[in-house]
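Once you've looked at the hints, go ahead and assemble the two chains, each given alone in its own frame, into the complex.
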Amino acid sequence: MSTLLEKNRTSGPAGSEGSRPRKAKNHEGPGILTYSILIAFFAVSAFPLWWSFVIASRQSSDTNLVPPAVLPGRNFLDNVVKVFQTVPFAEALINSFIISGAITISVVFFSTLAGYSFAKLRFRASNGLLLAVIATMAIPTQLGIIPLFMLMAEWEWVGTLQSVIVPGLVTAFGVFFMRQYLVDVIPDELIEAARVDGASMWGTFWHVALPAARPAMAVLGLFTFMAAWTDYLWPNLVLGPRNPSVQTALAALSASGGQTPDNSLVLAGAVLSVIPLLILFFLAGKQLVAGIMQGAVKG
Amino acid sequence: MTISTAVRRKPTGLTFRQKLSRFDYAASPYLYIAPFFLLFALIGIFPIVYTFNVSLYDWHLLKGQGDFVGLANYVSVLTDPLFWNAFRNTISIFLLSAIPQLVIATIIAALLDQTLRATTFWRMSILLPYIVAPVAVAVIFLQIFNQYHGPIAGLLEAFGLDPIRWTFDVFPSHVAIASMVNWRWTGYNALLLLAAMQSIPRDLYESAAIDGASKARRFWSITIPMIRPTMIFVVVTSTIGGLQIFTEPKLFDPRTYGGGDKQFQTIVLYLYEMAFPRRDFGQASATAWILFLIIVLAGVLNYVIARAIRTSADRPVRRRPVPTLPLKRGVS
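Those protein sequence lines, which keep their order, are chains A and B.
Its first residue numbered 1, the first sequence is counted upward by one per residue in this note's numbering.
Its first residue numbered 1, the second sequence is counted upward by one per residue in this note's numbering.
Any given hint could turn out to be false.
[Stated by the list, open to error] Dumping the calculated SDA-like pairs for lysine to any residue here, alpha-carbon to alpha-carbon at most 20 Å:
#	chain 1	residue 1	chain 2	residue 2
1	B	K215	A	I37
2	B	K262	B	R278
3	B	K215	B	R202
4	B	K262	B	D280
5	A	K286	B	T119
6	A	K286	B	M124
7	B	K63	A	V158
8	A	K286	A	I275
9	B	K63	A	W157
[To be verified] Taking beta-carbon pairs under 8 Å as the criterion, some of the chain A residues facing chain B (in silico):
#	residue
10	P48
11	S52
12	N64
13	L129
14	I139
15	I146
16	M226
17	L233
18	S254
19	V266
20	V274
21	F281
22	G285
The hints are simulated quantities; they were obtained by calculation from the structure and are not laboratory data.
Don't be surprised by glycine CBs; every beta carbon is placed ideally from N, CA and C.
Here chain B stands alone, though its shape is the one from the complex (with noise of 0.2 Å):
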């Protein structure tokens, strides 16, 4: 006699351990998720939710919550230049890294998808940046980016050029930031294209040589649209981390929020400046809230996108989209 069939009879005349293992039976399955979900309540939700409401009154850092504004904080954050060109920075700083990133990326993964030597070595050697923590990407970076000395001003310098101040202009400044990321994340981005391009089916590319399609043809039409639904993923995380980059322009001139003249300062470091040294919560939780908001338009924007294309395209062949390890890419 076992437990299931028991369970299955008649509640009535059950043992004690009978009646035990049902209320196992059922109430396990709710035990196992709720510390999850309670603590990501706490951790999670609690606190999106609560900038929510701090965000509708002065609040200060020290003195605590004061007079209800309504959305008094998200006009004065909207009609700030400064967040407009913490905006503009953040922008241009996240398409300095993302092209180049998704291009070099695919390219690579290109290459390594094919029958190399020492397979395992090209991968691990392109997955080496990663274990790089964003701080230790800024401090080293920002020697190699020196104006005077380092790397850099070395070979300008060895082709005659003048130099550039990588930490005071506005351009410069973007492309160096931009580089610390590309440096971090391309290998990654190349594991995660690599990975899709070698579910492709190999007759595909089979029966398409058969019919005379060219190495580039190929790739061209076959392995970018079956790459499709990795790249926009790859596209979307970046977007989601790139919104939110904080550590790289916070290093890049450790004593200031995103240079003298603000010339990188990014959305998160403009609300990491309202909120502590500034100490205006209220501010700082509409920016929160604004940031949010952008990244959801943008996460918005890039599914119309993706889906445009499809339809554009007209591809036959449809694969589910590919979720992966979207690691926190965010506040790094």
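Excised from the complex, chain A in its bound form (with noise of 0.2 Å):
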């Protein structure tokens, strides 16, 4: 009998007694306790960002205002100037444009030219060598430094734009992700067709397959854009200070006051570090997180 109440209760509206559902109902959806804990998380995560942008607004002995300055001051754009004076910022800038663009360029057209043929086109070996790529995704591939540092010596490369360019040009990941994205959305039947139309290979990838496989390009392109621009190991070891990119510049600015570094300054250059990130995030977060969430359940 206790049983059957029970399933009246929580059966939703099927339930007989009035009033009862409803109340498991509510007792069911998020409460306030909820809602704080969000907001604090968001707080948390929010945070070093916004208080960075008030130091970087402000003189750096506001550092130590406790509790701490949470309203921003009137020294930001004098901040900004400084950090153009202290390093090669605008250049860093323009830099790392010019480094994540040809980077993303390449991993998403290589990566949709190659997850197209493993995904849509028969041919010998193509599940051993599919294998091999899933295989050579889990290699720490940054551990080959050392020669690859070499390679750069040897070709002179040392301190130009395209040492960080080339050893970022293909992914094994970007394949993989192409290949498993192209693999459901394009039908076999669209590429028969094509063929039977007189279609070349490439009319068939170029006016059937890139097409279809915009909306997967658009996240791989975004996450490689995001990975270029915020590396720092590779680009520190292979750019001078004198070309830097903006994770280095930044990294030579927080060095650059010795023992008594200029706080304001400092976080002025991290504020200016992430706003094109920032302004990304605005544009395609949705995107991001739709592209975080469909990775995680696709594959």
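This is the structure in structure tokens:
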């Protein structure tokens, strides 16, 4: 008898006891506690960035304030100017755009091409080769920096942008990601039909596969750009102080003050370095979230 | 008459156009994957393999290749107390980041896996730290964890506690560095776990609720087992990334390679110091390969533990492992 009651209570509108089912449902819904925890988590997520901006717009001594300063001051532009005077930040921004842009275009294009071939074209050893791609995804290629550095020295590329671009031109992950997407999204009949109509293989790729691949290309592009933009170890090794990326310039700025760094200056640099990705985040944050979440259930 | 039927016919008597089409059909698949494999061989495979070659020689950054020494570089590294110091630091920082991260990410994901107001806002808000580059994270947290000034010192003072020497002492420095990793990655991992939670069929919860299972019970008996593949994925990626941590400890004290007493020198920092300031490419390469093997070993260990949990739990529900966006977490 009691189990029957339970059933009615929780099975929602079908319950026969009037207000009771709704009560149960209310109890299930997210309460004040849920929102409080989420707000606290949001505060922790946002505080370091906001506080950086606050200090960057004030003076260095304001880092000592208790409780911490939470309202911006008026010195942001002055500090920004000082950043540009201390390190070649304008060059750094341009360099980072060139590096990240070139890497993104290359990774997206070659991944789509290879991913399409693995997903939709039949050829000998395709399974074995795809397995090789998957296996190499797990290899920490960053551990190869020593031969890579020797290679760059050999080619006299140290200090140039191509020394950062070339090692980023392809990723095994990109190929796998595009393959997983295209295998479901393009019907085999569509490719057959294009062939029947006399389209060349390249024509089929260009006119059928590429348009269908666009959403996944956008997601892969976003993440590739961010990874290239935020990379530090390798650019720090091969780019000199006079031809920096945003990250190496910021690191140099951070070290510039010696024992007594100018906190406002350094944090102004940190804020500046974040702004381009922050803009990207506001424009495409939804796609970033969707990309991470779709990547998690596909595959 | 279509080309594809012509292809299936005998090759004799084909026009040039038809031959071209045949070639196009046969060669294109290889041509499309060729750029990836050629480039990857050059920038991905060759460096790792050649690292092993370098590790067998006396090899100086400037003087170049010296005598063949066999495994002597490996012996030097493995008998170097500083290597083991770096190893301990890496594991310590990794544990301080991986465990809280997984727990908090699971809680946040569970909270988000409800019918909330402003769903998109919450999801975006937890991803915000992810767009901040590790260099900027390190620079910002260096200020936040300043021993004398900054928000944390202020907080400690407000509670009447002694200042903590974040950059000088071993454990506090590990906590500070781990908190940088946690700050940047917890939201990202929460989204992965949220996606896994949302793919759980809702009727499973409903029937459990009908059977009288409490909310907590449903979480432990349905949610956790169902998201286990994603949890394992999160653990594996944070292991691979955590073992290669570099930027955060490097910039936590930019003038050193992991602190004045190497109190937060990690394995990659040890490798870096060996290769560049100390110019010993041979030992640095040996370190790279040792780390490579440690990562492989950790992967195998993860797999074995995951299997053991699965068989002991003996769940009827089986899902495919969930690969996802393993974006360069590594040398961040």
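Now the hints, each set against the structure:
1. Among the hinted pairs, K215/B with I37/A is consistent with the structure: their alpha-carbon atoms are about 18 Å apart, no more than 20 Å.
2. Our distance criterion of 20 Å between C-alpha atoms is met by K262/B and R278/B, whose separation comes to about 15 Å.
3. Restraint check for K215/B and R202/B: the C-alpha separation of about 13 Å stays at or below 20 Å, so the hint holds.
4. Of the pairs offered as hints, the one joining K262/B and D280/B holds, with about 18 Å between alpha carbons and a cut-off of 20 Å not exceeded.
5. Restraint check: the Cα-Cα separation between K286/A and T119/B comes to about 11 Å, which is no more than 20 Å; the hinted pair holds.
6. Only pairs whose Cα atoms come within 20 Å are accepted, and K286/A paired with M124/B is accepted, the gap being roughly 7 Å.
7. Our distance criterion of 20 Å between C-alpha atoms is met by K63/B and V158/A, whose separation comes to about 17 Å.
8. At roughly 18 Å between alpha-carbon atoms, K286/A and I275/A fall within 20 Å of each other, so this suggested pair holds.
9. The straight-line distance between the Cα atoms of K63/B and W157/A is roughly 19 Å, inside the 20 Å bound, and the hint therefore holds.
10. Because the beta carbon of P48/A sits about 5 Å from the nearest beta carbon in chain B, less than 8 Å, this interface hint is met.
11. For S52/A, the interface hint holds, since its Cβ comes within 8 Å of a Cβ in chain B; the closest pair sits about 5 Å apart.
12. Evaluation of the N64/A hint against chain B yields a held restraint, the C-beta minimum of about 4 Å falling below 8 Å.
13. Interface hint status for L129/A: upheld, as the beta-carbon distance to the closest one in chain B is roughly 7 Å, under 8 Å.
14. About 6 Å separates the beta-carbon of I139/A from the nearest beta-carbon of chain B, less than 8 Å, and the hint is met.
15. With a least beta-carbon distance of about 5 Å to chain B, the hint placing I146/A at the interface is held under the 8 Å criterion.
16. Given the 8 Å rule on beta carbons, the hint for M226/A holds: about 7 Å separates it from the nearest Cβ of chain B.
17. Nearest Cβ of chain B to the Cβ of L233/A: about 4 Å, under the 8 Å cut. The hint holds.
18. Taken as an interface hint, S254/A checks out: its beta carbon lies about 5 Å from the nearest beta carbon of chain B, inside 8 Å.
19. For V266/A, the suggested interface contact is upheld, since its CB lies about 6 Å from the closest CB of chain B, less than 8 Å.
20. Satisfaction of the interface hint for V274/A is found here, the shortest Cβ-Cβ separation to chain B being roughly 6 Å, below the 8 Å cut-off.
21. Satisfaction of the interface hint for F281/A is found here, the shortest Cβ-Cβ separation to chain B being roughly 5 Å, below the 8 Å cut-off.
22. Among the interface hints, the one on G285/A holds; its C-beta lies about 4 Å from the nearest C-beta in chain B, closer than the 8 Å criterion.
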